[in-house]
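Go by the hints and put chain E onto chain S.
Heads up: the sequence lines are chains S and E, in that order. Okay, so the first sequence: first residue is 412 according to my numbering, each after it adds one. Okay, so the second sequence: first residue is -11 according to my numbering, each after it adds one.
Note that these hints are calculated values from the structure, not bench results. Every value quoted in this text rests on a predicted model; they were computed, and no experiment measured them. Among the hints, a few may not be true.
What the hints assert, rightly or not - Now the in silico label distances, taken between C-beta atoms and shown as ranges:
(1) S:D494 to E:E51: 18 to 28 Å
(2) S:E529 to E:N777: 53 to 63 Å
(3) S:E532 to E:E51: 19 to 29 Å
(4) E:L622 to S:I570: 24 to 34 Å
(5) S:I464 to E:S592: 58 to 68 Å
What the hints assert, rightly or not - Which chain E residues stay away from chain S? Per the calculated CB distances, all over 10 Å, these:
(6) R493
(7) G515
(8) V613
(9) E892
Stated by the list, open to error - Simulated pairs of lysine-lysine, DSS-like, Cα-Cα distance not exceeding 27 Å:
(10) E:K33 to S:K579
(11) E:K517 to E:K891
(12) E:K499 to S:K471
(13) E:K33 to S:K583
Ideal Cβ positions, reconstructed from N, Cα and C, are used throughout, including at glycine.
If you want the building blocks of each chain, they are given just below.
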Amino acid sequence: MDNPNHSTADAAKRRRCGMEAVIDTYQSPLLRYAARLLNNSTLAQDAVQNAFIKLFRQWKPDTHTDARLKSWLFRVVHNEAVDIIRAEERRRKHHEGHAALQMQNGMAGCSQKYAPDERVEIVLRSLGVLPPAQQQVVLLRMQQGMSYEEIGAVTGKSIGYVGNLLHKAVHKLSGQVRKIEGGV
Amino acid sequence: MNPCEWNNKLTAWLLGELHETEADALQIHIDSCAECNAAAGDLRKTLAVLSNALNPESSSQSEPKLDSTRRAMLLAIQPEPQITSGRHWFFRIHPAFAAAAAAVVVLSVVMLGIISIDKIGMNVSKSDFIKACESGAEVEMNFKSVDGDSSSPDTPNGRFSVSGRLITDSKAGAKEINGTPVRRDALHKSMIDSDPFAEVTESTLVSFDDAKMDETIKSDPFAEVSRDRSVGFGSAGNMDITFDSGVKTKPVVTEQSKSKQGLSGQRRSLSEVGGGYSYGDKAGSKGTGLMLSAKPQEGGVQEMENLKIALPKPQFTGTPKDLNGLFFYSRREKNISQLSLEDGRAVKNHEVIDDFSVKPQVPLPARVFDVISAPVGGKAGSEGKLGFDLKPSTAEVGDSLKANASLGSRIDKLEVKPEKSSEQRETVLFARIAAPQEPHNALAKEIMLRRVAATDEPMDRVEKSAKPVPPISFNPFIMTSADNFSTFAIDVDTASYTLTRQAIRSGNAPKPEKVRTEEIVNAFDYGDKAPISSTFRVYQDGAQSPFGAGLNMLRIGVKGRRLGREEQRPAILTFVIDTSGSMAQPDRIGLARQALTLLVGQLSERDRIQIIAYNDHARLVLEPVTILQKERILKVFRRLQCNGSTNLEEGLQLAYTQAVESFVPGAENRVILISDGVANLGSGSAQEILDKVASCRRQGITCSVFGVGSGTYNDRMLEQLANKGDGVYKFLDSADEVKRAFVDELSATLNTIAKDAKIQVEWNPKVVRRYRQLGYENRALKKEQFRDNTVDAGEVGSGQSVTAMYELELMPGARADAELGTVRVRYQRTDTGRIEEIETTLKAASVLRPAHKATNAFRIAASAAEFAELLRGCPHAAGAKFQDVADYLRPAAMDLTLDTRVKELLELVMAME
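With the rest of the complex left out, here is chain E:
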């Protein structure tokens, strides 16, 4: 390609719409062509401006609504009276189109074995055609999947284009089925009636007449007349049907021509069933999608009034926003059913339309209602019954009836129980949902809640919006005699340390609410050795407090075991990358890229990774692949462009949808979010996201968060995400940190040894007069929650350690062999799933040591803790100064020459002086 010709592709490339190979080639070109580079930069800027301009931040502007008068008027519209003529354009866009070609609706036919699909189109003569039909061979109708997964022929998925064509003779007004003439226009009408979006195109007998087709196309911009491919309205299907006056036996339906790229065909056969036709995999089997049936009448012309043609419903392949019309009730989700039924909006007696008053000889599989589609089978997992509990009610039929409006996705079919009596029109509808995992119910619930929230009715069951950020709290001194239990959930995040470091290095004092003492303390390695066989080992260390007179300090270290290589479980990772405009800097997207590169280098062939990018909207840029496709993974990432706003909500929703789809039981299923934290979240949606994260965590998908960037950094939201998701929360401010997180500590990040780990210290009132915990304010638990297995506590990764610091005031006369108390660690092992609890006695010996004789590890811990408390402005640390901390830390820093992090801490403390 000429270099300058690349220019035309730039926009598509920037928007991620180019094919992989083209995009790569363009990337290569851009790297070497300054002109295109500049042009791309220009376009990128313009796109960003456009995005900002067209997607305003303020929510009031982004949700315009029809005013109430118009809305009322619309809802009062009655359906138009039925059409009786056969020539009719369903949607009259222009009156001119009413005078459309007076041709007959066409269905073309291909007989397998007689006419191959390649010949469809121009080479079939009518006589051949009729001959073929008359020979009575079974014919097939083809459903093409336009999107979605059609790997299994039995589980149609995605959107379908339905095609089948019969040819008719326009002069003949009727055809015969089984010797009974059928009126063409009645068939036509019924077709339209059942699907307003069907476009019935008419063309002459010679459906292969190009001229006629051209004419049709010209006269209606919305018509797409097929020659050898599926007719589409948009990209979904459309049906042309006509009758072949020559066919005496059954109508034949055809298989359309070759699929477009990416499409595959599903085969169903059309066969006669009773008074009509049904199609399915085999005669009499349950079909998904098409039901042609006729209701024979006494004598005379068979009117085919009740011909019902229901096209397959699209599979849910999109993000939840596509489901905003769905009302999805599940009995298992109590809240939802309460939501729908107990608020005085009970579903009223709901009847099923019975179109087939004549029982066919072969029983029709189900009353094929409006809602058809769905995989037969689908993914492995439980099936839930979806029940609409109906009770006769005088209450207004409420929103719950919208359930019938567009139930799509995984509903197999609606089976109807026989009516009890004609008076008591109670009918219970059941639909089988292939629900692979509960998340789908949670998803459904979320959608439900969003739907309800969108209506203006007050619902007290709707989740409240996210609570405001709580003010900083400090743990007070607690009298042991009053309460001698200190219980908290483990936390291994270290983001606060990195953030604090970054702030100080840029010359600012870190914001107190961003400093979390436990994270500062946890950022250091205290040299505790990992246990070999047991999951955890508890270490204790202490000295008299170097900062508070008369006090002692205790360090409790809980060190986790390292998983051996063979114990490590495969990792199924869903990367969610923020590609908003703010990420466009090298220290943001660049670090994210480094992270991914390093990560990919550490994974094994058993692991899988998929990538979702989000800005204004979210998209899957790489489906789950193994590291055998390493180059491709990195390429995909390289091609990501950063522009637009930050739709964290959509990003996470898509990520979780994907994570659920690619869930592998027994593996480490993780969502890894990388963002600079600048997220535009609607009120209420923050809480929804968190709930979603929490519910998925319960199913086994954890969420770890890596923050990048600085400045307007929405730390709290990211921390909460990681908390709810049981994952780590780290802040990446340099290549070093990236390496630390994705190489050194990767095993800890990806492989967990324990979940819901909690610590409880039971202090001995005879020895300890008062105690104060440093940090963990956000993680405090009540005493009885320690053994409550439902409490969500932290996750500990392979080889990780957790440190807790306490300030103590001892009773006078406490001796070295006295017992300070007992520390217990309770957790659930990830490998066996069993809950375990270990216990260690705390001895006074170490805390009685003079401060200057303390171990290096203690010096570091105490300094880190005090430093954090000072930064937070904790009143208990009021007496100390940064210099004291620095002085205390210095010997350790000098001693541990190899530990750069300790030196770093010293620098930071000194910087604060």
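Pulled out of the complex, with its shape left as it was, chain S reads as follows:
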């Protein structure tokens, strides 16, 4: 793409504009997603930032994007989040339960107002302790509104498997709610 006539300053500006567009389009959904995975909005910012870094290192002035970008971003953010969790795990040297549970107890920065509905809280807690694959699918569908096919694109799993995961997850969450409600 090197054209001797091409002014570098313009190219840089165009590139920046393209990058800005990507950030503005995707930062909110990605941050929400990461925040759920990590239960920590600062770490979520880290994960999303890392994904963008990876992207922008390869970003040329006239890079065009298509639908694959979204899948790719969610995939990478997820991996970044997983990396962060593992790093945190190593740091804390804890091995009980899923790392997300540890993070969840922190609840830092995730100042979400819960509805007075207790079930919401229960469900969110339970979500945090789901196996990561199930958690991911739940978030991608219920938070991000992706279709099974899109989720398949992000996770690399077949549509049938996605359905399976999601069903197991929702079933499990139902159980939790029932258990706690029954216990009250």
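Just chain E now, with coordinates in the frame of chain S:
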């Protein structure tokens, strides 16, 4: 299937992800299996809770952003230096993957006629392969449409998976094209450079080696190695390319194997053009998508540095939210161009990259820039030139340059005018947009505005957010000598009546702001006969006022003609159904279902209906079908599940997108919204929706609204939607109302006879001293607006009537033959499109009649009007009591034994006593 095995499918079913046949079978099962029924209920509840939990209401929580430090840091990232080695994973997720298989990038080949597509994969030996290549037959590259419409082979649509494979010998470092050796890794690199999302997979020569492929897959979770189907990153395409050292003539590209379900193939042929290769429908024709070209260099190795492989761009097939990255400027949309250019953010000199410094023998069709795709042709309609006006400017290059970032959808190609001089780098870019209807520009404009609104820059041209609900206003008495013109737009909605009725029946006083006098009055039939030939006929009726001493009341009735069966135009209906959690009750979704069932029973084969359901997000659950698919329509509706929040914005956007796509000129194109009115709307988006509705109405798509439910009922928004959309607004609180709206009055709802209908009464100051209009406060117009054809007024359906009530104080000594004034009705006929105006003189005779001698019709009208005014707390009605109204109405109610509605009114009035 074992009954219990159904359990696994429940979630998918609830989320609408099951195939139609499976879903039906499951529905049948659920109806008979209590266990699954209970389980489904459980899951449904959990999904609702999940939805609430993960999609918070407060907007501040739902739009997190990267903090400014990080953002700045990201924007300062420079591209990494170029790769020089040929073995490279573009995105290094784990360092381990850098040591990926040292195989060669593979492109496999199928020669038509020599190897059928079925044999691709395991049965091709290398020698056969090379032989095939050497025979020089033309080969084809296949583009598979992953989604979207590919019914026409010339108009690729949707997302593509591009596949083509060449096989190479990994030992040979180079290949020859036209006798010139080409370096494989350079090709590889260029490919990557041009598309960061391309994943170049490497596999050995024997691209059909399963073991190798397995290994590749294991080592990189993101790789998908194809055997006999398109390689995907996600579901879009990906290109593996290698060279065949054995090929001496041209590189051959292959056709991939059979499509997956729902995919179809597009064929392009790859042929040699000048120093490189281009592909298209025929040699030399304009290709959409792939351009392989090489820049030959003097002597030696051809470096292929400028090899540019641009993959086809996805067609816009989604909802507008998919376009949030788009910056779509159209010269025709003045506002947008002003938005983009005149705010000091002019587009700076924008150069086009020229990769082909050598002119090929066959001129390349265009400088295939980044943006390629689009239907060649597309839907019928006008084409607009999309111009980027560029002037040399010292101002900061602004957001407008993002235009190049991801222009997709309907841009054919960018053609570049030759540069004027090397100094004056002014280049004007034009892109042809196949723009079927203006709504797309409005759509684009809306997207633009959303985009701008999303940035934090103050733009005074950005639409202001919806105005707050105005306080109740009452028409005052007007001195005829001061202003003797009363002008208003016609309104045939009756929702206020139904709402009021519902409130009273549940034992509450209706909220004054929900009571609209004209709607109460219009809810009754006054027995006016429909005209046969003319579009409207004006009736007048009156008496001395039964409620205000010394006053008279006048009823003006405008009755529309009924369209004959052959005059009725086909209806293209887009049903938009709210399937949020609040709709889950039988008196809501159940009524909506009834409505649809009745409607389908009334339609003809010329009509079409499509259904969009929305809760957290919107989805098309039924594409446009005729009533020949009646069962399917009803089935689709039965399977709808109600949960989640109410994303009215997305629902309407998708609905309008669909309505625009299925628009049939000359038909009645309608969006019909059914909702319980509980909508979460972001600030500003209410106004956007209304603008969209209004702009689509101007193109011929009207919007009617049917409200259901009660309680937290956002009536105002729904009424405004119907107003802007020129459609009716009705409230369905019972099966009766549903029948009334969708059977009895359906013709009126679906078939219009007049648009933009306005009424003007010119009072005679010699006879009428003062006058007061009852109702129509929201529809009042200025005198000069009566003949202003741009004013948006109401729509009148076949056989509908409109009633206006006035309270009058006459001059002393007014006689029966005196003229009260003139009433004019001005409207645009829907069939001819002509504007017509009719005029009738109002005589004093009827209004002089004593109240007790008035006609039944008048009794009803006067009572209805007074009732409404009392409910609203109108000061002019302060003296009267509900009992007076009831007493006045009773004789009429008893007289008209067959009219249940009048009796109903009487009950309501009595209930308020």
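Against the structure, the hints:
1. S:D494 to E:E51: 18 to 28 Å: holds, 26 Å
2. S:E529 to E:N777: 53 to 63 Å: Roughly 59 Å apart at Cβ, these two residues keep to the hinted range, so it holds.
3. S:E532 to E:E51: 19 to 29 Å: 23 Å Cβ-Cβ, so the 19 to 29 Å window holds.
4. E:L622 to S:I570: 24 to 34 Å: holds, 27 Å
5. S:I464 to E:S592: 58 to 68 Å: Taking Cβ atoms as reference, S:I464 and E:S592 lie about 60 Å apart, which means the hint holds.
6. R493: holds, 31 Å
7. G515: holds, 52 Å
8. V613: Correct as stated: the minimum Cβ-Cβ distance to chain S is 22 Å, above 10 Å.
9. E892: holds, 40 Å
10. E:K33 to S:K579: Cα-Cα ~15 Å, so holds.
11. E:K517 to E:K891: OK: E:K517 and E:K891 at ~22 Å, within 27 Å.
12. E:K499 to S:K471: violated, 60 Å
13. E:K33 to S:K583: holds, 13 Å
Figure legend: structure checked against the earlier numbered hints; the only hint not met is number 12.
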